[in-house]
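Participant: Sequence:
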Amino acid sequence: MDLSNCSTCLLKSKAARYLLDEELITQTQNCVHGEFKKGETIFKQNALSSNIIYIQTGLVKLMIDGPHATQILRLKKAPCYLGIPTTMGDKINHYSAIALESTQACFIDIGVFRGLLKTNPEFSYQIIVKLCKNELDQFDRCVNLVQKQIFGRLATHLLYLSNEIFNSKEFIMPLTRNEIAQLTSTSRETVSRLLNVLSKEKIIKINGKKVQVLNYQMLVKISEKG
DNA sequence: GCATTAACCACAG
DNA sequence: CTGTGGTTAATGC
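Numbering follows the working numbering, in which position 179 of the first sequence is assigned residue number 203; successive positions increment by one, without gaps.
Worth flagging that the hints you see were computed from the coordinates, not collected in a lab. Keep in mind that this is a model prediction, so the values were computed, not measured. Fair warning: there could be bad hints in the mix.
Straight-line alpha carbon distances no greater than 25 Å define the calculated BS3-like cross-link-like pairs of lysine-lysine that follow [said to hold, decoys possible]:
| id | residue 1 | residue 2 |
| --- | --- | --- |
| 1 | Lys229 | Lys172 |
| 2 | Lys61 | Lys100 |
| 3 | Lys61 | Lys234 |
| 4 | Lys172 | Lys193 |
| 5 | Lys224 | Lys172 |
| 6 | Lys245 | Lys193 |
| 7 | Lys224 | Lys193 |
| 8 | Lys142 | Lys38 |
| 9 | Lys234 | Lys245 |
| 10 | Lys224 | Lys234 |
| 11 | Lys62 | Lys193 |
| 12 | Lys101 | Lys154 |
| 13 | Lys245 | Lys233 |
| 14 | Lys233 | Lys62 |
| 15 | Lys100 | Lys233 |
| 16 | Lys62 | Lys100 |
| 17 | Lys101 | Lys61 |
| 18 | Lys100 | Lys154 |
| 19 | Lys234 | Lys62 |
| 20 | Lys224 | Lys249 |
| 21 | Lys157 | Lys142 |
| 22 | Lys142 | Lys36 |
| 23 | Lys229 | Lys101 |
| 24 | Lys61 | Lys233 |
| 25 | Lys100 | Lys193 |
| 26 | Lys233 | Lys193 |
| 27 | Lys101 | Lys38 |
| 28 | Lys157 | Lys100 |
| 29 | Lys157 | Lys172 |
| 30 | Lys154 | Lys68 |
| 31 | Lys157 | Lys68 |
| 32 | Lys100 | Lys36 |
| 33 | Lys100 | Lys115 |
Construct the complete structure from the given sequences, taking the supplied hints into account.
Facilitator: Encoded structure:
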């Protein structure tokens, strides 16, 4: 499959399915396809950005270097757009994007993307809906981080990985302990300890990178009670 | 006071 | 990169 031709790409975004043939051709002509290995940076905080990035396959972390520590803002799973807020909202990126696994991405020229938003209402509408959903997610994440204690925060994120990212009670943890800490806003040591506690309580099972949710109800309870 | 929570440090696999 | 133990500070009965 040719991933650099928008017209024939089978991994088109929901929004892009509303694009007309000639619009897809224009997009293809102003789009660069690239592949990123685990750990490679897709775009960087504080750098000038002139592209919207569409992720076809893979998993990405968005992170921001804060005044006190590095925060993982959220994970993003393909298919999705990256960098619409940071490219449209400012000249300079407010956060970085780094691949957590092998990732295929398309860099769409911002001028072309703007043009599509203006000429194709259905495309724009789909993009807005997506942006709104993202904002709601971020609000939820914000409250989760600010108001819950660490067990609650950790449980919520384990459920997020299980439900939203992998759709399975069993998955390979794509993050290091330190990255889990950056995601849940705590220390690496605390993550280690808490995962051990959850494991001893038979709520989850950990085998190296493999995580298995054993007592889903309990995990939900912990996540809710905080 | 005393208990709990969680960060920080150091050190060892 | 991880796990553990000791220490310490903040907060809440």
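Participant: Each of the hints needs a verdict: does it hold here or not?
Facilitator: Each hint, compared with the structure:
| no. | hint | in the structure |
| --- | --- | --- |
| 1 | Lys229 x Lys172 | holds (23 Å) |
| 2 | Lys61 x Lys100 | holds (15 Å) |
| 3 | Lys61 x Lys234 | holds (21 Å) |
| 4 | Lys172 x Lys193 | holds (23 Å) |
| 5 | Lys224 x Lys172 | holds (22 Å) |
| 6 | Lys245 x Lys193 | holds (16 Å) |
| 7 | Lys224 x Lys193 | holds (18 Å) |
| 8 | Lys142 x Lys38 | holds (17 Å) |
| 9 | Lys234 x Lys245 | holds (22 Å) |
| 10 | Lys224 x Lys234 | holds (16 Å) |
| 11 | Lys62 x Lys193 | holds (23 Å) |
| 12 | Lys101 x Lys154 | holds (13 Å) |
| 13 | Lys245 x Lys233 | holds (24 Å) |
| 14 | Lys233 x Lys62 | holds (15 Å) |
| 15 | Lys100 x Lys233 | holds (20 Å) |
| 16 | Lys62 x Lys100 | holds (14 Å) |
| 17 | Lys101 x Lys61 | holds (15 Å) |
| 18 | Lys100 x Lys154 | holds (13 Å) |
| 19 | Lys234 x Lys62 | holds (18 Å) |
| 20 | Lys224 x Lys249 | holds (20 Å) |
| 21 | Lys157 x Lys142 | holds (21 Å) |
| 22 | Lys142 x Lys36 | holds (19 Å) |
| 23 | Lys229 x Lys101 | holds (24 Å) |
| 24 | Lys61 x Lys233 | holds (19 Å) |
| 25 | Lys100 x Lys193 | holds (19 Å) |
| 26 | Lys233 x Lys193 | holds (14 Å) |
| 27 | Lys101 x Lys38 | holds (14 Å) |
| 28 | Lys157 x Lys100 | holds (13 Å) |
| 29 | Lys157 x Lys172 | holds (22 Å) |
| 30 | Lys154 x Lys68 | holds (23 Å) |
| 31 | Lys157 x Lys68 | holds (24 Å) |
| 32 | Lys100 x Lys36 | holds (16 Å) |
| 33 | Lys100 x Lys115 | holds (22 Å) |
Of the numbered hints stated above, none is contradicted by the structure.
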